[in-house]
Amino acid sequence: MSYFSGLCIDFQLRAPRFQHEPANRIEFSNSTGTVIACNADGRPPPLIRWVKHDGEVLQDLPGLRYTRHDGSLVFPPFPSEEYRADVHAAVYRCEASNRIGVIGSRDVHIRAVYPIRNGNHQLQLKISVTYQNKISFEAR
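So for the sequence shown, UniProt numbering puts the first residue at 1; every next one is plus one.
Certain hints may be false.
Cross-link-like lysine to aspartate or glutamate pairs, in silico, EDC-like; alpha carbons within 20 Å at most [to be verified]:
# : residue 1 : residue 2
1 : Lys52     : Asp70
2 : Lys52     : Asp86
3 : Lys52     : Glu27
4 : Lys52     : Asp107
5 : Lys52     : Glu21
6 : Lys52     : Glu95
Simulated from the structure, these hints should not be mistaken for laboratory data.
All chains, full assembly: derive it from the sequences and hints.
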């Protein structure tokens, strides 16, 4: 710290570091939605932003996905007819940056599940595609 004419200047700059890094896999119901927190500290305080797997900065999509002022990524509840694979079954990353540096979170695999109605029955179908084209189905 340096003092100059009664003014205190703190020269301790610090690159961003995560206080809370999002989980690798997040699954949520379309009827409840989800909030994915991402917090980092640093000096100066870092800017938090979310990017797609290819590095493109996320844009808010009204009713489907938006970023809150605290850096959280929000997927509000949505009707099953509004499901979009590019939004609800995608890979995202959280980035924190200040003038000292940039850090990126692990890949965050998002998957929304929604009930399939068939007559008087309601099933929740989960479809997983894994390495070497193995497909698994689970009905509840």
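Lys52 paired with Glu27 [C-alpha distance capped at 20 Å]: Holds: Lys52 and Glu27 sit about 17 Å apart, inside 20 Å.
Hint consistency between Lys52 and Asp70 [alpha-carbon to alpha-carbon, up to 20 Å]: OK: Lys52 and Asp70 at ~19 Å, within 20 Å.
Lys52 paired with Glu95 [C-alpha distance capped at 20 Å]: 11 Å, holds
Distance restraint between Lys52 and Asp107, which requires alpha-carbon spacing of 20 Å or less: Roughly 9 Å separates the two Cα atoms, so the pair holds.
Agreement of Lys52 and Asp86 with the hint, judged by alpha carbon distance not exceeding 20 Å: 10 Å, holds
Restraint status (C-alpha distance of Lys52 to Glu21 at most 20 Å): 16 Å, holds
The earlier numbered hints are all upheld by this structure, with none contradicted.
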